[in-house]
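2 protein chains.
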Amino acid sequence: MLTIRYAEPQDSLQILKFIKALAEYEKLSAEVVATEEKLRQTLFEEKSAEVLIAFWNNEPAGFALFFSNYSTFLAQKGIYLEVLFVNPELRGKGIGKKLLKHLAQIAKDRNCGRLEWSVLDWNKDAIDFYVSIGAKPNDEWTTYRMNEKTIAEFTKN
Amino acid sequence: MLTIRYAEPQDSLQILKFIKALAEYEKLSAEVVATEEKLRQTLFEEKSAEVLIAFWNNEPAGFALFFSNYSTFLAQKGIYLEVLFVNPELRGKGIGKKLLKHLAQIAKDRNCGRLEWSVLDWNKDAIDFYVSIGAKPNDEWTTYRMNEKTIAEFTKN
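As given, the protein sequences belong to chains A and B, one line each in that order. The working numbering numbers the first residue of the first sequence as 1 and each following residue consecutively. The working numbering numbers the first residue of the second sequence as 1 and each following residue consecutively.
Hints were generated in silico from the structure; no laboratory data involved. Do not take every clue at face value.
The list treats identical chains as interchangeable, and a pair is accepted whether it falls inside one copy or across any two copies.
As the list claims (entries may be wrong) - Distance condition first, Cα-Cα at most 20 Å in a straight line; then the derived EDC-like pairs of lysine to aspartate or glutamate:
{"#": "1", "residue 1": "K47", "residue 2": "E37"}
{"#": "2", "residue 1": "K124", "residue 2": "D139"}
{"#": "3", "residue 1": "K136", "residue 2": "E153"}
{"#": "4", "residue 1": "K136", "residue 2": "D121"}
{"#": "5", "residue 1": "K124", "residue 2": "E45"}
{"#": "6", "residue 1": "K156", "residue 2": "E116"}
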C-alpha cells in the first residue's frame, strides 16, 4: 500500500539516502555534496525547497523535491519539480506517477500556472511516461549555469 | 550613465512594458497574459519573484526577473534568472552584462551555489555572450511542462 506525506526534519537522513541512490542511477555520484545536516538546515530551517516522501508498505520508496518558480508571461507562480526518484527495486508499481499526481494536486490547490521539471535526454522510459501524461518538452531552450567559482570570477572584474 | 536598483510596486507598468517588448522579440506575444495588476500582486504582495531594473541616463533600459531555486546534490539554494531583457535600441552598451554581474553579486552575497538561466537555441549572440563569461550549458537536459489545463486533466483520474 502506498502513502505519501510531506517530509519532516527527522527524514533528512532518508532524503540523503535517496539522493545518493539517485546520483548513482544518473552516474553523477561525484557531484553530491549534500549532507544530512545541510539538508536539515536548507529544507527545514531555511525552507528553500519542499519534499514529499512516498512509502510502500511503510517502507521509504521514493521522493519528490520541489520549489516555487514564476512565469513572467503569465505573471503567476508555478512549481518546479527538481527531483523525482523511486527506488529501483520498487519501480513498475506506479509510485512515480502517484507522486507526480500528488504534486499536480498541490500545484492546482496553490493556483499554479505550470508544473515543470527536467529530464536527462537518454532517459527514454521517463520521457515516454511524461509525454503519456500530457507534458510538453521545451525543446528550443537550453539552461546555462554558473557555479560558485564562475560567479566569483565573474564578479571580480 | 547606468544605474541598477530593485523594482518597487510603482514599477509594475514599466515591467509590463518590458515583458511585452521581450515577447515581441521572442515572437511569443500571444503567450503574454500578465497585466500590471497581476505583476503588482505576484511580485510585490506575494513576493513570488524579484526584479532588478536598469536605467540608462535615468530612462528605463532593461530588467532582470529572478527567484530562488535549489540544488538537491549541493543541498544549497541558487538563483534562477527567469528573464534578462535590454531594450533593443540600447543594446551594445554592456547593460545586459552589468545586470547579470549585479545579479551574480547578489548570488554571492546570498551564498548561492549556482546562477542559472535558459536561452532560446537560435539566440546565438546571447549564447556566445554566456559562454564568454564562463557559463556552461546543461546540454543533456530538456525541461517538460504541464500547463493549467494539463494539470487539471492529470489530477482528475
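Each hint tested on the structure:
no.: 1; hint: K47 <-> E37; verdict: within (14 Å within a copy, 28 Å between copies)
no.: 2; hint: K124 <-> D139; verdict: both (15 Å within a copy, 16 Å between copies)
no.: 3; hint: K136 <-> E153; verdict: between (36 Å within a copy, 14 Å between copies)
no.: 4; hint: K136 <-> D121; verdict: both (14 Å within a copy, 17 Å between copies)
no.: 5; hint: K124 <-> E45; verdict: neither (36 Å within a copy, 41 Å between copies)
no.: 6; hint: K156 <-> E116; verdict: between (34 Å within a copy, 18 Å between copies)
Hint 5 alone, counting from the list given before, is not met by this structure.
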